[in-house]
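Use these hints to put chain B onto chain A, whose structure you have.
Going down the list, the sequences are from chains A and B. Under my numbering, the very last position in the first sequence is 183; numbers go up by exactly one each time. Under my numbering, the very last position in the second sequence is 90; numbers go up by exactly one each time.
Read the hints as simulated data drawn from the structure, not as lab findings. A few of these clues could be false.
Claimed, not checked - Result set (SDA-like, lysine to any residue): computed pairs, CA atoms no more than 25 Å apart in a straight line:
no. : chain 1 : residue 1 : chain 2 : residue 2
1   : A       : K115      : B       : V59
2   : A       : K115      : B       : H53
3   : A       : K115      : A       : V126
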Amino acid sequence: MNRHPLLRAYLAGIAIPTVVLLVVMTGYTIIRYVYNIPVPIERVIVFPMAAVPNAWGLWNLLYVAFLEKRHVSLGLFGGVLPLLLAPGGYVVTRLLGFTVPDAVFHVAPFALPIGLVVYYLVWKYFVGFLNAELGIA
Amino acid sequence: MSEPEMDEMKKLLKEALPPVGESELRRDLWPAMLRHLDERTVRVPWWDWVLLAGVSLLMLFFPGVIPALLYHL
Numbered sequence: 047m048n049r050h051p052l053l054r055a056y057l058a059g060i061a062i063p064t065v066v067l068l069v070v071m072t073g074y075t076i077i078r079y080v081y082n083i084p085v086p087i088e089r090v091i092v093f094p095m096a097a098v099p100n101a102w103g104l105w106n107l108l109y110v111a112f113l114e115k116r117h118v119s120l121g122l123f124g125g126v127l128p129l130l131l132a133p134g135g136y137v138v139t140r141l142l143g144f145t146v147p148d149a150v151f152h153v154a155p156f157a158l159p160i161g162l163v164v165y166y167l168v169w170k171y172f173v174g175f176l177n178a179e180l181g182i183a
Numbered sequence: 018m019s020e021p022e023m024d025e026m027k028k029l030l031k032e033a034l035p036p037v038g039e040s041e042l043r044r045d046l047w048p049a050m051l052r053h054l055d056e057r058t059v060r061v062p063w064w065d066w067v068l069l070a071g072v073s074l075l076m077l078f079f080p081g082v083i084p085a086l087l088y089h090l
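Excised from the complex, chain A in its bound form (with noise of 0.2 Å):
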């Protein structure tokens, strides 16, 4: 079970967020076009369902080839993972044209520290499991 563990560490990160995008993209599929709830969000809908499960999947990969040997803690390795994609999530709208609701601005200062946080718990004992599952960790 030692081949490719570089292969399986890309496996196991994109695990979690294509399970997630799956059912947030049920719910939002439900929402836009069973009850006609208008939020347009298609123009971006790409940042979640492209850049977020291979992002995931590349930070599994370079913790496994460079710091789990060095004994580097996955959920504060994985918790550090939005500080990249709320900046990139926010470019991608950004250079689609996308209007950001103010709303989104507003809730900001409460949604990183919330995200810091959930990334670190997943990482630590969902990915960590598929790690440990997976015969990489």
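This is chain B only, laid out in the frame that chain A set:
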């Protein structure tokens, strides 16, 4: 194959395969297996419970952060 040949074959096979010394285990492996299973149980430290409770409360008071969080997850 004749009877003498069969006997010769049995003899050769016995010579080729050394007898197993101890067929019984030296110790009971089940306690070690139980210890191994216990090691796999997730132990959540108290500060992670505090973080989880804090995040849950913040989401309760500021539900507007949930869509922003889902967008980045």
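Results for each hint:
1. A/K115 / B/V59: holds (21 Å)
2. A/K115 / B/H53: With a Cα-Cα distance of about 22 Å, the restraint between A/K115 and B/H53 holds, given a limit of 25 Å.
3. A/K115 / A/V126: The given pair, whose Cα atoms are some 19 Å apart, holds under the 25 Å limit.
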